[in-house]
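Chains as they are written, first to last, in the numbering used here: chain C, 76 to 186; chain W, 7 to 123.
What the hints contain is simulated information worked out from the structure, not anything from laboratory work. If you're wondering where the values come from, they're calculated on a predicted model, not measured in any experiment. Just so you know, not all the hints are guaranteed correct.
Once the Cα atoms are required to be at most 25 Å apart in a straight line, the calculated DSS-like pairs of lysine-lysine come out as [claimed, not checked]: (1) 20/W / 70/W; (2) 173/C / 70/W; (3) 143/C / 132/C; (4) 132/C / 173/C; (5) 146/C / 132/C; (6) 97/C / 143/C; (7) 20/W / 143/C; (8) 133/C / 97/C; (9) 173/C / 97/C; (10) 47/W / 173/C; (11) 72/W / 20/W; (12) 61/W / 72/W; (13) 173/C / 26/W; (14) 117/C / 146/C; (15) 143/C / 173/C; (16) 173/C / 61/W; (17) 117/C / 61/W; (18) 97/C / 47/W; (19) 97/C / 132/C; (20) 97/C / 146/C; (21) 173/C / 72/W; (22) 117/C / 97/C; (23) 20/W / 61/W; (24) 146/C / 133/C.
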Amino acid sequence: GENVEQHPSTLSVQEGDSAVIKCTYSDSASNYFPWYKQELGKRPQLIIDIRSNVGEKKDQRIAVTLNKTAKHFSLHITETQPEDSAVYFCAATFGNEKLTFGTGTRLTIIP
Amino acid sequence: GAVVSQHPSRVICKSGTSVKIECRSLDFQATTMFWYRQFPKQSLMLMATSNEGSKATYEQGVEKDKFLINHASLTLSTLTVTSAHPEDSSFYICSARRAGLYQETQYFGPGTRLLVL
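All chains should be modelled from the sequences, with the hints used to inform the complete structure.
Set out below in structure tokens:
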């Protein structure tokens, strides 16, 4: 089955700086890679996703890059703000299969 | 949009009782619904996959007789925790996947926090 590793587990960034979270996956057939943001006690919210037919996708301050050969993908947040503080989860799946989640990264933005 | 609701948001029960949690897709038909459990400071762990009109598929280690799932319609799935015990206390989250383009995307409910005394 799919295995997704996520690093780092915790990340502290000065407000205004960039944050990068990295994930690797094991199943080369995986073709869909979403990123979720979860605030304490709340539901995971989809913030960006990428499919294997593209290498990069950007939405304002958030971008995701995918390297299919190396089987890794990364989340980039630029110009970080205090409201970016949360736990971020990457995930991977193939077709209609179930999502496999990473272990999460607790991001803290230091004002 | 793609809104998923869950009810109740929080429940406290005595050990040995059963608790039912509802998951509804409000503005779309969900071909598949998923049930997750999340312990504090941990990732989401998939418990089961639920398809309308068919039996749920449970993940390894999840007791199907303890966690009963019913998916009666394309907009409603229920999870019943039977004979709940303190170790069942957790955050239970459902998600729903819609039919059509980009059907891999899962939309999550707000979660149900269960505390078993």
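Checked hints:
Only pairs whose Cα atoms come within 25 Å are accepted, and residue 20/W paired with residue 70/W is accepted, the gap being roughly 21 Å. Proximity of residue 173/C to residue 70/W is assessed by CA-CA distance (about 18 Å); at most 25 Å being required, the pair is judged to hold. Simply put, residue 143/C and residue 132/C have alpha-carbon atoms about 14 Å apart, close enough for the 25 Å limit, and the pair holds. Distance check on the hinted pair: residue 132/C and residue 173/C sit about 23 Å apart at the alpha-carbon level, within 25 Å; holds.
As the CA atoms of residue 146/C and residue 132/C are separated by approximately 16 Å, the hinted pair is consistent with the 25 Å bound. As the CA atoms of residue 97/C and residue 143/C are separated by approximately 14 Å, the hinted pair is consistent with the 25 Å bound. Of the supplied pair hints, the one linking residue 20/W and residue 143/C is violated, its CA atoms being roughly 49 Å apart against a limit of 25 Å. Of the pairs offered as hints, the one joining residue 133/C and residue 97/C holds, with about 16 Å between alpha carbons and a cut-off of 25 Å not exceeded.
Restraint check for residue 173/C and residue 97/C: the C-alpha separation of about 21 Å stays at or below 25 Å, so the hint holds. Restraint check for residue 47/W and residue 173/C: satisfied, since their Cα atoms lie roughly 22 Å apart, inside the 25 Å limit. For the hint linking residue 72/W to residue 20/W, the alpha-carbon distance of about 16 Å falls within 25 Å, and the restraint holds. Our distance criterion of 25 Å between C-alpha atoms is met by residue 61/W and residue 72/W, whose separation comes to about 15 Å.
The hinted pair formed by residue 173/C and residue 26/W meets the criterion: a straight-line CA distance of about 23 Å does not exceed 25 Å. Between residue 117/C and residue 146/C the CA atoms are separated by roughly 30 Å; this puts the pair beyond 25 Å, and the hint is violated. Between residue 143/C and residue 173/C the CA atoms are separated by roughly 19 Å; this keeps the pair inside 25 Å, and the hint holds. Our distance criterion of 25 Å between C-alpha atoms is met by residue 173/C and residue 61/W, whose separation comes to about 16 Å.
Note on residue 117/C and residue 61/W: the hinted pairing is violated, with a Cα-Cα distance of about 29 Å set against a maximum of 25 Å. As the CA atoms of residue 97/C and residue 47/W are separated by approximately 19 Å, the hinted pair is consistent with the 25 Å bound. Between the alpha carbons of residue 97/C and residue 132/C the distance comes to roughly 15 Å, so the proposed pair stays at or under 25 Å and holds. Restraint check for residue 97/C and residue 146/C: the C-alpha separation of about 11 Å stays at or below 25 Å, so the hint holds.
In summary, the hint linking residue 173/C to residue 72/W is supported, as the alpha carbons are separated by about 22 Å, within the 25 Å threshold. Pair hint residue 117/C plus residue 97/C holds up; C-alpha atoms about 23 Å apart against a cutoff of 25 Å. With a C-alpha separation of about 28 Å, the suggested pair residue 20/W and residue 61/W falls outside the 25 Å cut-off, and the hint is violated. For the hint pairing residue 146/C with residue 133/C, the CA-to-CA distance comes to about 19 Å; that is within 25 Å, so the pair holds.
The structure fails hints 7, 14, 17 and 23 (numbered hints given earlier, in ascending order).
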